[in-house]
Amino acid sequence: MKKVYLHPLTVRIWHWINAVSFVVLIITGLQLRYREVMGIMKFRDAVDLHNLVGFVLIFNFLLWFVFYLFSGRIKVYIPPLNLKKFIVGCITQARYYGYGIFIGEANPHHSTADNKFNPIQQMAYLVIMLVLMPLQLVSGLLLWDTKTFGTWISLAGGIKVVDTVHVLIFLGLTSFIFIHLYLVTLGETPVTHIKAMFTGYEELKEERGH
Amino acid sequence: MFEESSENRAGKGTWGFIVLGPIFGMLYVCLLPLIGLMTLLLALPEYATAKKPDILEKGGMCMSCHASQGMTKVFKNNEKLSVTVRPGDFKVTVHSSLNCTDCHQKISLESHPGTVYESRSAFILEAAAACRTCHPDSQLNAKPVHAFLTNKANAPPCTGCHGAHSVKRIAELKPALTDNQYCLTCHRQRISTRLSNGEELSLFIDQSLLSASVHNKHSCSDCHSEFSRDSHPVRTYGSSRAHSIAVSQACMKCHADKIKAVRDSIHYNPSFPVGEIMVSEGNPKAPVCTDCHGFHSVGPRATFDTLSGVPCRKCHEDIFKVYSKSVHGMARANGQHKAPLCSSCHFAHDITVTAMAEKIKSACLGCHKGIEAVHKKWLPNAGLHMSAVACAACHSPNSGRGIYLRLEDQTTGKPFTEEQVTRLLGTTYEGLSRKMNAHGEGIGAGELWSIVQQLNEKGTNAKVTFFGKLNVSKGVESHQLAFKKQAVKECETCHNKNSDFFKSVTVAIVKADGKLSRYTARPEVLGSMFSLLSLRQFYVIGATRLTLLDWLGILMVAGGMMVPMAHITVRILTSPIREARKQHELRKGGKR
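The listed protein sequences correspond, in order, to chains A and B. 1 is the number of the first residue of the first sequence in this note's numbering; add one for each residue after it. 211 is the number of the first residue of the second sequence in this note's numbering; add one for each residue after it.
Just so you know, the hints here were simulated from the structure itself, not pulled from any lab data. There could be a bad hint or two in this list.
[Said to hold, decoys possible] Within a straight-line C-alpha distance of at most 30 angstroms, the following computed DSSO-like cross-link-like pairs (lysine-lysine) qualify:
| hint | chain 1 | residue 1 | chain 2 | residue 2 |
| --- | --- | --- | --- | --- |
| 1 | B | LYS571 | B | LYS531 |
| 2 | A | LYS3 | B | LYS713 |
| 3 | B | LYS569 | B | LYS792 |
| 4 | B | LYS531 | B | LYS624 |
| 5 | B | LYS571 | B | LYS694 |
| 6 | A | LYS147 | B | LYS679 |
| 7 | B | LYS571 | A | LYS42 |
| 8 | A | LYS116 | B | LYS531 |
| 9 | A | LYS147 | B | LYS673 |
| 10 | B | LYS586 | A | LYS42 |
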């Protein structure tokens, strides 16, 4: 077995804080929105927890952004400038998930520290990390103190618009989490990727030469 | 000789008669009246200074007691009346020649003190009736004001104005009296007038109230400008209401600022001049100055600060009953004079519609200073809550609540009035009403959005949208404010789609005069996708969420779960293929 160092400690800490925060925010968010069908905690407690973890997520995002930006790792999220290469890569990867994986073909993408994501992941995470997450965090911040951010809320179209954006992104990210959880089981073994996010090292078969 | 001498004598006598006769005649004619006149003139001082019999002599028997100081008469109702007669006062009156029994005809030595009267006034009325023995109706009716007074069934006794034993003509009183004293000579009597509609209007002025009023330095004619010492026109009114309106005009002379505030108030209809406040709406109880401040007892604000004296009760008794049981009403009843009354929150003159007004909230915050900080300790987004939720919505437990939607121009932050709406939409009030309820089931989400869209298209630079506010459904209930511990504190009360508060939705459009036109809206408007456009500034977490987002959420999450499940299923189904391929590769590897 060959070990590839994929996830530095900072990334691993960020990831697991992110993971726990997402779970807490999803549960408390659902509790806030669907009080008539959910009763696992009081509305007031859900607000406090949602706000607290929301700030944790904001700082965590800033940690990730600063680390990735200044370590140069941000480029793993940036698709190649060669559009043809990128589209071919996407099609190849999609073909693998939609066909190759079923007939036992090898994953066309091999993760390294510098090339962590396959083209589809790259596209998805680029949108998630640089568009959806900032939008979600900013909309959450606006809703946290509607008086202080009243002008910004009005500029954004009103409190209901801001909330709708917040909920739409929440739904998108929640849906993605199911897919994300499934995809992490598609390593060499179902726990390969998960272990890697704890240890930092991804175990690859020797014979594949990676 | 004899004849000659006779002729001579006769001649001399004739001459004497001719000369002296006219002289003596003239003297006789002129001197005699002169002597008579002189005699009269000489006698007059004597006559004038002659010691006439005074009351002490004429009424010797009576005055032996009644000249004493401190003589009082006690009536059945325990009232007392001084029956002391000062001879000096009586002596200078026009009645000085009269005897006691000329007026007190029923009193005799045999029966004195005679009739026992029920009250002081009963005695005075009967005693004063004697005046009419000498003063006939023709004399009493000579002046209109005098006739007005004396011909009434409940006319005050003559002595009320003219005095009893010191009786005087009113003209004689003038020089010694101030303007106000002069008016009060009659108006301190319990006089009244019957108005055209049969109401009795009191013309009595309580001097103690007048002295205690803030107007105690004023002259009567400062307000009653048509009246003076020399002018007393006889006026009549159709009703006491007409009288109140008319006399309230006088207040305008000094209190123009208050009149302006009243002009802007809910109690005033701007299409009518001041003084006909709300008369146009047929409300005879609509207040004018005197309804709240009284006539001559105009006092400082503090004089209204008693539970019983609140003038608003006259019309708003239902509210007052609720208020009396509220935390404020009870505090007031327990002697806490800082607890608010009507005017503390609604103010006195510029009373406006309160359903959507910030004014009431300001009034609450005026006393409960720093209350936002107190709410912040436990209430997230306290500022937003306090702007979107009326204080009474949480602090009036058990009251009905609902959502009020108000059109507002976001640019100016001011309400968009019904007049602006009808003008921009090119319709009338009736047309707007029909438009607001086209299907008879309340305003729908599409209709609400359509109105906002049209107003923004035609509303020049206005950015019109509906702002929502949670408030009590009935104005009366907003007065049943309870103790803090009874206030709504559970977030779930509102943040719950099943909350009853969101089942009552009212579109409230402010009129130019501050009143509201209310149109019922369907509760679905709060959660409709159209609300993203028409109600973009109103959102209650959970309660007014978009229904469509719920379905979209179910679809997205289900999709997120189904994709892996479907993929796993296909992987399971295709596992034989992969196994076969693996075996094939192993075999290939073995051959090599």
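For this session: Provide an ascending list of the numbers of those earlier hints which the structure does not satisfy.
Result: Violated: hints 2, 3, 4, 8.
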